[in-house]
Amino acid sequence: MTPAAWELRAVTVQAGHRCLLDILHLRAEVSSVVALMGPNGAGKTTLLRACLGLATPTRGDITVLGETLRTLGGPALARLRRRIGYVPQLLPARSELPLTVREVVAVGRTARAGLFRRLSRQDWQIVDQWLDRLDLVALANRAFSQVSGGEQRKTIIARAMAQDPELLLLDEPTANLDLGWRERIVETIETLHAQTRISVLLVCHELEVLPPACRHVILIESGRVSATGSPEAVFTAERVRRLYGAALRTVHQEGRHAVVPGGASHA
Amino acid sequence: MLDLVFWAPVMAGGALAGASSGVLGTFILGMRIPFLGICVAHAALAGAVFGGLCGLEGHQLLWPALAGAMLTALALGLVNPQRAHLDDNTVLSFLFSATMGLAFLGIGLYGILGKSDNDVRSLLWGSLNFCRWSDVRLMLGAFAALAAYVVVFFKELRAILFSRADAEAAGIRATAVWTGFLILTAATLTVNFQTVGGLMIYSLICNPAAAAFQLARGCRRVLMLSAAFGAVSGLGGFLIAAFTDLPSGAVIVLLSSALVGLAALIRRLMRHSP
Numbered sequence: 001m002t003p004a005a006w007e008l009r010a011v012t013v014q015a016g017h018r019c020l021l022d023i024l025h026l027r028a029e030v031s032s033v034v035a036l037m038g039p040n041g042a043g044k045t046t047l048l049r050a051c052l053g054l055a056t057p058t059r060g061d062i063t064v065l066g067e068t069l070r071t072l073g074g075p076a077l078a079r080l081r082r083r084i085g086y087v088p089q090l091l092p093a094r095s096e097l098p099l100t101v102r103e104v105v106a107v108g109r110t111a112r113a114g115l116f117r118r119l120s121r122q123d124w125q126i127v128d129q130w131l132d133r134l135d136l137v138a139l140a141n142r143a144f145s146q147v148s149g150g151e152q153r154k155t156i157i158a159r160a161m162a163q164d165p166e167l168l169l170l171d172e173p174t175a176n177l178d179l180g181w182r183e184r185i186v187e188t189i190e191t192l193h194a195q196t197r198i199s200v201l202l203v204c205h206e207l208e209v210l211p212p213a214c215r216h217v218i219l220i221e222s223g224r225v226s227a228t229g230s231p232e233a234v235f236t237a238e239r240v241r242r243l244y245g246a247a248l249r250t251v252h253q254e255g256r257h258a259v260v261p262g263g264a265s266h267a
Numbered sequence: 001m002l003d004l005v006f007w008a009p010v011m012a013g014g015a016l017a018g019a020s021s022g023v024l025g026t027f028i029l030g031m032r033i034p035f036l037g038i039c040v041a042h043a044a045l046a047g048a049v050f051g052g053l054c055g056l057e058g059h060q061l062l063w064p065a066l067a068g069a070m071l072t073a074l075a076l077g078l079v080n081p082q083r084a085h086l087d088d089n090t091v092l093s094f095l096f097s098a099t100m101g102l103a104f105l106g107i108g109l110y111g112i113l114g115k116s117d118n119d120v121r122s123l124l125w126g127s128l129n130f131c132r133w134s135d136v137r138l139m140l141g142a143f144a145a146l147a148a149y150v151v152v153f154f155k156e157l158r159a160i161l162f163s164r165a166d167a168e169a170a171g172i173r174a175t176a177v178w179t180g181f182l183i184l185t186a187a188t189l190t191v192n193f194q195t196v197g198g199l200m201i202y203s204l205i206c207n208p209a210a211a212a213f214q215l216a217r218g219c220r221r222v223l224m225l226s227a228a229f230g231a232v233s234g235l236g237g238f239l240i241a242a243f244t245d246l247p248s249g250a251v252i253v254l255l256s257s258a259l260v261g262l263a264a265l266i267r268r269l270m271r272h273s274p
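First to last, the sequence lines map onto chains G and A. If you use this note's numbering, the first sequence corresponds to residues 1 to 267, in order. If you use this note's numbering, the second sequence corresponds to residues 1 to 274, in order.
Computed footprint of chain G on chain A; a stretch qualifies when at least three of its residues, placed anywhere within it, have a C-beta under 8 Å from a C-beta of chain G: (1) 28–36; (2) 151–157; (3) 165–176.
Honestly, the hints are just simulated from the structure, not real lab data. On a predicted model such as this, the values are computed, not experimentally measured, just so you know. We put the CB at the ideal spot given by N, CA and C, even for glycine.
Take the sequences, apply the hints, and build the full model.
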C-alpha cells in the first residue's frame, strides 16, 4: 500500500451536541491532489482544520504525514504543522497591517527557522524564489493590504510554499476572485503540483476550480461522505440536480470540469 | 529659560514613555486592540488600590500594580480567540469591566475605612513634571527589556501581527510569544503610568503608530518610525508646553494627534505627486 498523506479513521468532530463531521474512513495517497466539495456548512473546513489539529475530534484517529495527531503534544504538533502549508479561506484585511508582500511570504520561513534565530540568507532566497515563481516580484515591496484580492491569494500560496511543505491545504483559494484570477490560481496549483509532487487537499465549491491533476473528489454533505471517486464519477447530472436543485449539466473536457445550465452531462 | 538639571529627567521620561509606547503601538494598533492600554491601566490601578488597602504606600504600590497588569495580560494572552469564539476586543472589554469594577470597589473601601486614596489616583493620571531619575531608570529598564524581546522574537511577532491564527497553523509558538509580549507590555505601561498616566499612554500608543502606518511600509520601518514619533511627541510636547506655559500632558497628546494629521497629509501629497 502506498503511504498516506492523510487518513481519517472513525472521526467525529462535535461543537456542543451538534455533529460537524462524522467520517468512517478517508485516505489520500502521498503526491495526490484531492478535492473536498459539498454545500455550505457541510464540514469541509472543519475537516481541513482537523488535519491541522485546530479542531479536535471527539473520537477517532487522524494521521497526517505519518503522525497520529491524538498522540502529539504541543511542540510535536507545532513541528508537524511546519510540514503543512495552509491557505485559509479568509485573509487578514486590516488597513493598519504594515507588512509588505515579501514579509508575508517570509512568514512561511518563520517556524522553519526556529525560535531565537533570524531568517538566514538562504531563507530569504527561498522567499524570493517563490515570489518569482508566482510572479509577485514586482509587488514584493508593496504593502500586502494594498494589493488586489487575487494578488493577496497568490501571496498566501507563496507563503505556504515557502514553508517547503509536504502537504498543502487550500481552503477555497479562489473565493471572491474574478474568472481571470480564478484561472491563474488553478494554473498555479497545477504547476506547483507538477513541479514539486506535493500532496494537495483542496476545498472548493465550483467544479471549475479543480485542476487537471485532481483525480479524486470527496463529496461531503451534513458532515458525512456522500460520494468519492473521479470528478466525472462523482458529478453526474443526477447528483448535481439533487445537490443544487436546478436544471444543470456538467461538462468534462481535457481534465477540466464545469457546470452549465440545462440537459444531461457531457464527457 | 529651562533649568536643565531639574527638567532633564522629565524630558528623558517623556521621550522614553513616547518611544516605548510607539514600539508597543505598532503591534497593539496593528492587531486592532488599542483598548489594551486603558485596560492595563485599570488593571494596574486595581492592583495598586488593593496594595494600598493592604498597607503599602508610595513607590511600594508599583508592585501590586505590576501584578494586576501582568495577570490581566496573561489572561488576555492565554485566551485563544478561535477556541473561545470571542474577538480579542470582546475579551478586553470583559477584562476592562472586571478590573475597573475592582478598582472602584477598592477606592470605595478607602472611604469606608477612612483612608486617603491620593497615591493610587495619581497612578491613573500620572505626573510628568515630577518625574525623577529613579523613575527614568525604571522606564529605561522596561524599555530595554521590551526592545530586547522585540529584537529576539521579531520574526514571530511579525507573523502574529499578520494573523495569530495563521501563525499558530504554520507551527509558530504564537500563544507563548504573544503572551510574553503582552506581559512585557503590561510591565512597560505600568512603569510608564507613574510618569505620564494611563490616559496619556492611550494617545501615545495609538497616535505615533497610526502616523507611522501612513508613511512607511515594512514592519521594521514602521516600528522604528513609530518609536521616533513617540519620542518626538513626549519630548517635543513637553518643550512646547514649557515654553508656552501650557499643561504638558495636553500638549503631548495634541502633538501626537497633529503628527497623525501631518502624516496623512504627507501621504496624500506623495500619492498625487508624479
